[in-house]
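Number of protein chains: 2
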Amino acid sequence: MITITDPRIESYILGLAPEENPILDAMEERARETGVPIIDRQVGRLLHLLTRMKKPDLVVELGSGFGYSSYWFARALGNQGRVVLTDFSERHINYARKTFNEAGLSERAEFRVGDALRIGAEYDNVDVLFIDVDKYMYPEAISVMLPKLADNALVIADNALWHGTVVEEDPQYENSGAIRQFNEFMFSRRDFFTTIVPLRDGVLLAYKLS
Amino acid sequence: MITITDPRIESYILGLAPEENPILDAMEERARETGVPIIDRQVGRLLHLLTRMKKPDLVVELGSGFGYSSYWFARALGNQGRVVLTDFSERHINYARKTFNEAGLSERAEFRVGDALRIGAEYDNVDVLFIDVDKYMYPEAISVMLPKLADNALVIADNALWHGTVVEEDPQYENSGAIRQFNEFMFSRRDFFTTIVPLRDGVLLAYKLS
Chain A
1 MITITDPRIE SYILGLAPEE NPILDAMEER ARETGVPIID RQVGRLLHLL
51 TRMKKPDLVV ELGSGFGYSS YWFARALGNQ GRVVLTDFSE RHINYARKTF
101 NEAGLSERAE FRVGDALRIG AEYDNVDVLF IDVDKYMYPE AISVMLPKLA
151 DNALVIADNA LWHGTVVEED PQYENSGAIR QFNEFMFSRR DFFTTIVPLR
201 DGVLLAYKLS
Chain B
1001 MITITDPRIE SYILGLAPEE NPILDAMEER ARETGVPIID RQVGRLLHLL
1051 TRMKKPDLVV ELGSGFGYSS YWFARALGNQ GRVVLTDFSE RHINYARKTF
1101 NEAGLSERAE FRVGDALRIG AEYDNVDVLF IDVDKYMYPE AISVMLPKLA
1151 DNALVIADNA LWHGTVVEED PQYENSGAIR QFNEFMFSRR DFFTTIVPLR
1201 DGVLLAYKLS
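Residue numbers (the numbering used here), protein chains in the order written: chain A, 1 to 210; chain B, 1001 to 1210.
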């Protein structure tokens, strides 16, 4: 495992935007208690900014957990936009639904329990695709969703550096091969412009050129 | 000075996009020879992706050096867009002009020699503002340019982490106070959504909310 970004830098950036928000606090507390992985506020802010810029009608998340990233997307959407949450766990999705109700964001969301890839494939003209399923599924996830993307879609994948194991194997983290394969696939596509931002655990951004 | 991102991670990301491009090579060689600071390819790719997403009509650069960042912007612009280059050095701007001619991008650029802030203030409806002047000038630069920004403008500032001196002073790098002041100003504005990406020396992104 590699420390991707110096922790003092991470603290500095987080300290610049000290948002007091009981909903974020509660979800972060739940993540600590349950061990369910979430993106952090830094990544959340990047998703938020990109969503504001992109003004998508349809965001599809593959692997929403209990809705932390979904909340960052939903807050950034205009009234025309919606985010589709997917997770295997009914408990996670129920928690997300409750949270979105409290936040007054339910009308911007669809809550779906089941196989993320199968559900994702039901949608067309996806403007923003967020990939955060189990890491071994990344190559299959993009392959299923490629035909479902709108023109100029933005693909965002969390954990694109997978704790640094893309450059140095660590028995604690499996599936670095799948992540490497996914990254290489995205960078090799001439119909996408792709980059990775070393924020937290790495965020891959791929913009569809037509 | 703090190593912001692990160098193995930086190499991995750069290695995923091995663009063979004699123009970039020549500019990077010139940067090494002359010691003129440039953004690197990682930051270049982020600027490129954001510009593709934003589709700006007008990009204004405060502090273009010999045009490395300008080249990344210009390639990402559509036919309707242009980038204004500013630098004190006539030699830098002449080199940029020559490079843009070779690249067939001259029609997307304006080449201006002189005081970046004074020149920048001549423009209105700036869609993307790129700040890369001397670091002590950052607070003044944004204050001069705020009224010149278009709705939903994107402000991008390089060196927002200033070699880590925003968290740990280093006598080798002056002006960490000015950078901190600039960052705090941008994050405090309610009319912008701001974040910092720890890419290379830190890239501040601020999206104007109206």
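Calculated directly from the structure, the hints in this document are not laboratory data.
Because the structure is a prediction, the values reported are computed rather than measured.
Worth double-checking, as some hints may not be accurate.
Derived pair list, reagent style BS3-like, types lysine-lysine, alpha-carbon separation capped at 25 Å [stated by the list, open to error]:
1. 148/A <-> 54/A
2. 1098/B <-> 55/A
3. 208/A <-> 1055/B
4. 208/A <-> 1054/B
5. 54/A <-> 1148/B
6. 148/A <-> 1054/B
7. 54/A <-> 1055/B
8. 1098/B <-> 54/A
9. 1055/B <-> 55/A
10. 1098/B <-> 208/A
11. 98/A <-> 148/A
12. 1055/B <-> 148/A
13. 1148/B <-> 1208/B
14. 1148/B <-> 55/A
Checked hints:
{"no.": "1", "hint": "148/A <-> 54/A", "in the structure": "holds (17 Å)"}
{"no.": "2", "hint": "1098/B <-> 55/A", "in the structure": "violated (38 Å)"}
{"no.": "3", "hint": "208/A <-> 1055/B", "in the structure": "holds (14 Å)"}
{"no.": "4", "hint": "208/A <-> 1054/B", "in the structure": "holds (13 Å)"}
{"no.": "5", "hint": "54/A <-> 1148/B", "in the structure": "holds (22 Å)"}
{"no.": "6", "hint": "148/A <-> 1054/B", "in the structure": "holds (22 Å)"}
{"no.": "7", "hint": "54/A <-> 1055/B", "in the structure": "holds (11 Å)"}
{"no.": "8", "hint": "1098/B <-> 54/A", "in the structure": "violated (34 Å)"}
{"no.": "9", "hint": "1055/B <-> 55/A", "in the structure": "holds (13 Å)"}
{"no.": "10", "hint": "1098/B <-> 208/A", "in the structure": "violated (31 Å)"}
{"no.": "11", "hint": "98/A <-> 148/A", "in the structure": "violated (29 Å)"}
{"no.": "12", "hint": "1055/B <-> 148/A", "in the structure": "holds (23 Å)"}
{"no.": "13", "hint": "1148/B <-> 1208/B", "in the structure": "holds (12 Å)"}
{"no.": "14", "hint": "1148/B <-> 55/A", "in the structure": "holds (23 Å)"}
When each numbered hint is compared with the structure, violations occur for hints 2, 8, 10, 11.
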